[in-house]
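Line by line, the protein sequences give chains A and B. Heads up, the first sequence stops at 137 in the numbering used here, and the numbers go up one at a time, no gaps. Heads up, the second sequence stops at 730 in the numbering used here, and the numbers go up one at a time, no gaps.
Because the hints were derived from the structure by calculation, they are not lab data. None of the values given here were measured: they were computed from a predicted structure. All C-beta atoms in this analysis are idealised placements derived from N, C-alpha and C, irrespective of residue type, glycine included. The reader is advised that the hints may include incorrect statements.
Mimicking SDA-like on lysine to any residue, the simulated pairs with C-alpha atoms at most 20 angstroms apart in a straight line are [claimed, not checked]:
(1) B/Lys189 <-> A/His104
(2) A/Lys106 <-> B/Ala200
(3) A/Lys106 <-> B/Arg188
(4) B/Lys143 <-> A/Leu124
(5) A/Lys106 <-> B/Ser498
(6) B/Lys480 <-> B/His550
Partial list, derived from the structure: chain B residues whose beta carbon lies under 7 angstroms from chain A [as the list claims (entries may be wrong)]:
(7) Lys143
(8) Ala147
(9) Trp148
(10) Ile150
(11) Thr151
(12) Glu192
(13) Thr193
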Amino acid sequence: MPSPSHPSAGLIRQGWISLALWIAFGILIEGFRAFRSPPYLDDAVRREMFRLAHAHGTLLNLVLLGAAICAHLNLIRLGPMTSLGLRSAVVLLPAGFLFGGLWHFKDEPGLAILLVPAGAVLLLATAVYISLTLPRR
Amino acid sequence: MTRFPKPLLAWAITLLALGAVAAAIWAVAPGYATVRAGRADAGYLESGDCRKCHETNYTSWHATFHRTMTQEAGPETILGDFERENSITYQGVRAEMVRENGAHWMKFTGVDGKAQQLEIVRTVGSRRIQQYLTKTGDTWSRLPIAYDLVQRRWIHLNGSFFYPDGTSYTQHVAEWNVNCVFCHNVKAQPGLNWENRTWKTEVAELGIACGACHGPAGEHAQRALSPVTRYRWNLKEQIAPARLVTNPARLDSDRAAVVCGHCHGQRIPEPPQRIRPMMSVGDPYDPGKDLHEFYKPVQREDKVESSEGPHGEKVSFSFATRFWPDGSPRLTAYEYQGMKRSKCFTAGEPGNRITCISCHSMHGGDPRGQLTEKMKTNAACNQCHEQFAKPAQLVEHTKHSAESAGSLCYNCHMPKIVYGIMAAHRTHDITNPRPEDTVRFGKPNACNQCHLDWSANRAIAETRRLWPDAYKESNPGDQRFDEPEGQRSLFAGDAVMRALTAAAMTPATSATGPLLLEAMQDTYPIVRYFAANALAAQRPTLPKPDYLAPAMAREAVLQTWYPLWPAELRQAAREARERLTAQRSETDVEVGE
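Produce the complete structure using the sequences and hints provided.
Below, the structure written as structure tokens:
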């Protein structure tokens, strides 16, 4: 286990807490479907956005945990900026879908959807940077 | 060699990747701006294109009968029974509807034994009846047999229109290219070559789809490809780019009304010579434009002339029979004319008064009438007449108990005195009930639609008693109008009046039953249709008389109905029929649908 002061400890904490939240959100939307909740089922934009939020929230936090483990095992290098980029991206992407679906225009996600491309660019740049800085064997 | 800093390199690769993504998006971007450029339907998109952005509206439209007005024939679209009850014999001609080799056919065997089979290629309608089109060369024609979706049976179209028994079997075979095409599809282009009378008919989309109300949307869709533009529209920015599409809800009320009036207000070209480009090029109207630039909505006094007499001479066609003598429409597809006559319209401020979407919703509510549940109630009228929203004021106004049919605004101010597609419909000529109109114009009135056992003169007297100020100048008619109005209009009215009266008698009662049995002797099948329905609604367990069957076959079934009523009541009904029938004058009504 990394010590609480290890750079990857923050990522692991964020990863597990966020994973728990997004799993809970997944249960919530399953519940909406099971109990035929009109605000969810009758709203095609919200349904799609919530589904994307749940999918991105859970999968990206698994990525975050994977990155933290890799960093702990010295398989990758995670500097403070890279770490911040990764942590921000996994928040921005699902949050954009969540809030874009919560408050939205008639057939279009709400303005919060702008968080999604911002998070996606950040995630892409971080992934590229990590791949460029992989330790050479 | 200087090494490139890795953070910068990472961002450079990211930007490169984003550039590649942008290029891929651009490469597959659709182009809408010049769709069908140079054609009469330039810029008109198909509903599938609109769906990409307007899923909610697409879904609500998809549930409507507008969508299914005209469809290519196929197992998914044909609603008639081609398997079990798949034939009808009318006037000795047997029509059999069969599915063979993946196609649908109507096979006719005439009285002389000659057979003819025609392939069904398109369907028209999906709510009350479904009609079928065949194609010969470049012409689509309506076939004489249709499927009644309500009664689940095949009918001859003579059973749907106002023509008596014995009318030619092919009376209602009509060319689709010249007529139906205009209102049952988007942006019709008949493509008539006047020189050799050939057709090259096209439409922007079969059925009444997005373009029928929203017009050409190619430029709009092109602009909407940009998410920035879309969000500027969504945020209702004052300086956002123009949407370049018609939204009837954003038009002034009069301009919005003509969007519907284009089809729900039958019209003739204005000036009449416009018929030539209309038939050769296409319908000049686009939603958002002023309909009156191109057309004149038909009124009772209008006539059209054509050179289609047997010897090429001019023949005149009058629209008078489609209206009550006071000019109020009595057929559907004239709702626009009806609304424009009503005080709700004439007393309003031009551009800011009642319009179709004041009550109807094209993207919500019950597809049968396009009304939300709320708009089926007095809430529709209370939008303007809020003084009648409270029960006490309502009762004071109607003189009927608040929960009764007499306190539903529609029943008195929009009675069912209009015929269309085998049903009685509410007039859109919104007026005060005027029993005097029955005396003056031979037009049904709201009071006697319920009080069928009252005479028109009694209804006039009651209105004078209950609303003395409003009806002080209302005068009774002669002794003919002392007769119970249900009985009088069922036998002495013209075919439209008789049919509407039989519809008003649904379900039959102990009082109206004998009258309806007599109405089964009517020479107009459509009158018998409503009478048979009224009887069957009262006694669904008895065999229903077939309104299209020959007289002897009908009589055989009616024998089972006669014992339900005392002989003296039946005798009185028979005498009433014989006496009142002598008073009526018959006029066939060309129903333009």
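Hint check results:
| no. | hint | in the structure |
| --- | --- | --- |
| 1 | B/Lys189 <-> A/His104 | 17 angstroms, holds |
| 2 | A/Lys106 <-> B/Ala200 | 18 angstroms, holds |
| 3 | A/Lys106 <-> B/Arg188 | 13 angstroms, holds |
| 4 | B/Lys143 <-> A/Leu124 | 14 angstroms, holds |
| 5 | A/Lys106 <-> B/Ser498 | 16 angstroms, holds |
| 6 | B/Lys480 <-> B/His550 | 11 angstroms, holds |
| 7 | Lys143 | 5 angstroms, holds |
| 8 | Ala147 | 4 angstroms, holds |
| 9 | Trp148 | 6 angstroms, holds |
| 10 | Ile150 | 5 angstroms, holds |
| 11 | Thr151 | 4 angstroms, holds |
| 12 | Glu192 | 5 angstroms, holds |
| 13 | Thr193 | 5 angstroms, holds |
Against the hints set out earlier in the document, no violation occurs for any number.
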